[in-house]
Amino acid sequence: MKKMTLAWNCGGRFYLKVWTCFFSLAVLRTHSIPANEVNLLDSRSVMGDLGWIAYPKNGWEEIGEVDENYAPIHTYQVCKVMEHNQNNWLQTNLILNEGAQRVFVELQFTLRDCNSLPGGVGTCKETFNMYYYESNDEEGRNLRESQYSKVDTIAADESFTELDLGDRVMKLNTEVRDLGPLTKKGFYLAFQDLGACIALVSVRVFYKKCPFIVRNLAQFQDTITGSDSSQLLEVAGNCVNNSVAEDLPRMHCSAEGEWLVPIGKCVCQAGFEEVNDSCQVCRAGFFRSVLQTPACSKCPPHSFTRVQGSVGCTCEEGYYRRDSDPPNMACTRPPSAPRNAISNVNETSVFLEWAVPEETGGRKDVSYNILCRKISVDSRRYEECESTVRFLPQRNSLRNNSVMVADLLAHTNYTFEVEAVNGVSELTNPGRQFVSLNVTTNQAAPSPVSVVRKGNSGKNSISVSWQEPDRPNGIILEYEIKYFEKDQETSYTIIKCKETEIVADGLKPSSVYVFQIRARTSAGYGGFSRRFEFETSPYLAASSDRSQFPIVAVAITVGVILLALVTGLLLSGRRCGYSKAKQEPDEEKIHFHNGHIMYPGVRTYIDPHTYEDPNQAVHEFAKEIDVSCITIERVIGAGEFGEVCSGPLRLPGKKEFPVAIKTLKAGYTERQRRDFLGEASIMGQFDHPNIIHLEGVVTKTKPVMIITEYMENGSLDTFLKKNDGQFTVIQLVGMLRGMASGMRYLCDIGYVHRDLAARNILVNSNLVCKVSDFGLSRVLEDDAEAAYTTRGGKIPIRWTAPEAIAFRKFTSASDVWSYGIAMWEVMSYGERPYWEMSNQDVIKAVEESYRLPGPMDCPVVLYHLMMACWQKDRNSRPKFEEIVCLLDKLIRNPSSLKALVNSSHRVSNLVEPGSVDSEGSVSASVALMEASGYQSIEEWLKGIKMGRYVELFMDSGYTSVEVVSHMTLDDLRRVGVNLAGHQKKIINSIQEMRVSLVMPSWFVR
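Residues -35 to -1, 1 to 970 (mature numbering (1 follows the signal peptide of the UniProt record, and there is no 0)) are what the sequence shown spells out, left to right.
Just so you know, not all the hints are guaranteed correct.
Said to hold, decoys possible - DSS-like mimics (lysine-lysine), calculated; alpha carbons at most 30 Å apart, straight line:
#: 1; residue 1: LYS588; residue 2: LYS630
#: 2; residue 1: LYS949; residue 2: LYS837
#: 3; residue 1: LYS950; residue 2: LYS907
#: 4; residue 1: LYS90; residue 2: LYS136
#: 5; residue 1: LYS620; residue 2: LYS667
To be verified - Cβ pair distances, simulated, as ranges:
#: 6; residue 1: ASP935; residue 2: LYS630; range: 40 to 50 Å
#: 7; residue 1: GLN805; residue 2: ASP689; range: 21 to 31 Å
#: 8; residue 1: LEU917; residue 2: LEU336; range: 36 to 46 Å
The set of hints was computed from the structure by calculation and includes no laboratory data.
Even glycine gets a Cβ: it sits at the ideal position worked out from N, Cα and C.
Construct all of the structure, not just a fragment, from the sequences and the given hints.
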């Protein structure tokens, strides 16, 4: 309810000895209209007669006055309080609603308090009624009362009295009511007085709209609100000039005239940028392409534009840009020729090596092509090398600055031209940039014989023929044939001949013989051929076969008996544990426990909760320390059961050293004491350099304490957050190795941790990581959402394997899952797994096969290990023993950690800040090829069901496994692989190529 104070003067009239006052307003200012309101009627702004109809005519009375600016003011007053049965009506003109379905009526009025009137009045009311009637024309003005629809009964919040008249101050009431839904062009308002003393000062009729607005470069026109107070109208926007819809822009107009819920937006067209909700043209020297940032960018180096609204910049003379280069990339030039080329001849192979060009043209995609020519037989001209010549790793699009050329002819002059090219070399024709080398091959032995055939064979002989080697490298002087009975390689026969055919005799019937052949020239023998197996004819003497049958039968019977005995011994060994009847002094017994080998001095974990008396478990596994040996110096943390402190421990006969001290707070219950000391009973059974070491307990005095070794750097997650980005990859792998080593030990003795996480790993001053937190019933984190509570207790959802969450199935395999999450924490420097997702969202996402993405700058091999730990099938996850072995391999082979999942400091795959990376030797290429299992790009692409891209890869120069292993996502796009699913499949296969050199078989399955 709004209230306004009026100053007024009163010329009174006396009706039935009751003072009423029809007052003139000295000040009544018209207030400003909000932007989201549109007036249909405002009685204060009408200059002439309002033209409203009152009936009966002696009821409502129009009083015309002027305000302080001499503007007319219309008021309607009625005060028939001395008479009975009042029914006075006041009807407005037809008010057109202008399409609004819901309108508002604001009334300003005064009303006299009935109690202030003298006695003897006929009737008195302190309310009046408001009605409305819808119509499409003005002919419906003569209405009956029954045709009106009632809006509301209006009551005053403040009424005036005779005393107020004397003070010349009066309260003005403001009431607002709404009408709707309206279905016709207009409506009448009517006010009914039933015997009140009232003055209707002003009537304002308005509707609400959502005003014109520009949001996200889209214009939204004035929109009239809906008929329902809770209705939201969806309105489509129109993009401003020089902009286009990225997604159809929409907003919602509320019933209160407010714009809500913006959806979609417009973006400026290429050549324009967004400035103050409009698109302005880019200045000369600046450009903006569709894929660029919202603002115009200055032309990159060696490019220009002299016009406004440019979508790209033109390269300077002598500089070029490929169609696939991004518009914000500098224009570049072809490289200069390679430098300092050298050759090394080894018989019929040549190793070529060169230095990178002095000028790379400003690009990183410098590669090399090799042109091979030899002097013709008449020594007068050069001709192309034979197609049998091999280039390792490849002939064209070499990324390395060396190549091995093999299978050349002996005693032959060759010329090799090493040409340097980059991405823009094909756009210009300045002449080939190459360096030339002339070499002469040496004398060489012949290549191995590749084709060997079997001729006629008898029961004692085999006829064998072969073809001359593909590369004899001279005149064949003789052949050497080596043969022996299969599985009898230590006894063999050598035959030498000058022909390509021999007959080997003196052989056994029905026997398989192995043949190998090599050729000799003046340069010596070549290599033996591969093994060829041929069989002699069977011996057909039936009587001999029958005579041998009893011998064979006896042999089979004896074999079956021996097999049964061995099987029985093996089964007995499985039941009883491995041992020897007679053991040598230097041998040791090896026992099995849950499938793990138990080493000497390592005992099986015993659950302390199986003890009836918890104190017995504590004293059996933990040493009692006299409290006088401990000095508490400072508090370093707090837990559920008490404080964690640090200080020196002075044991008799030993040097003082720092320890961590966990205390049990006063007022504990017996159960809390049992749970507190339960951790000591567990820790006391462990003895490993990567498990936190228990020094002892204090139980005979208060407070009860657990004393452990002091870890200077505290918990691993906090330590990593404080030192974000400060460690090398090898240091991080060392931390992971320590964690895995400690978990391997726990697994071997049959202990399942259940809460492996970076917060439960402690770090000492030498960066040695040790597993801690065993068995305490504690608050997992300050965040109440950190654990998902089931009937079995709290579970750290973000670190727990799905089968442990669903079925509380905790095993060493579920610890491996947790180890994978802890790995992710280490490589992301303590970032929270799954970020701000709720626990229920995490459970659902993991069930739907979602896995955490690779942390920034994380080596591919480590992320693959994480993914192996997160296999849904727990039997498919690696064992901790395998994880430790893998991490050891990675530490011994740091180069395997170079390939990253994603790099935070990678600017462009094309711009060259310095020199081209020259890593990757011929031997690395060969190793990659062997490790990948593919001998060609065609074989590889078909093997991963991507054979459709073979021609594209070949045309782009990706013709070897080694070159493909360095491809990035941008390289794939340039080749023409545009489907996201195919890109992901090929990139994953490339990553597996790189890691296959050091990965165990379970790692890459």
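Against the structure, the hints come out as follows:
Distance restraint check for LYS588 and LYS630: the Cα-Cα separation of roughly 21 Å lies within the 30 Å cut-off, and the hinted pair is therefore satisfied. With a C-alpha separation of about 21 Å, the suggested pairing of LYS949 with LYS837 holds against the 30 Å cut-off. At roughly 12 Å between alpha-carbon atoms, LYS950 and LYS907 fall within 30 Å of each other, so this suggested pair holds. Between LYS90 and LYS136 the CA atoms are separated by roughly 18 Å; this keeps the pair inside 30 Å, and the hint holds.
Restraint check for LYS620 and LYS667: satisfied, since their Cα atoms lie roughly 25 Å apart, inside the 30 Å limit. Roughly 59 Å separates the CB atoms of ASP935 and LYS630, a value that falls outside the hinted 40 to 50 Å. One distance hint, 21 to 31 Å for the beta-carbon pair GLN805 and ASP689, holds here, with the actual separation near 30 Å. Checked against the hint of 36 to 46 Å, the pair LEU917 and LEU336 fails, with Cβ atoms roughly 24 Å apart.
Hint violations for this structure: numbers 6, 8, all remaining hints satisfied.
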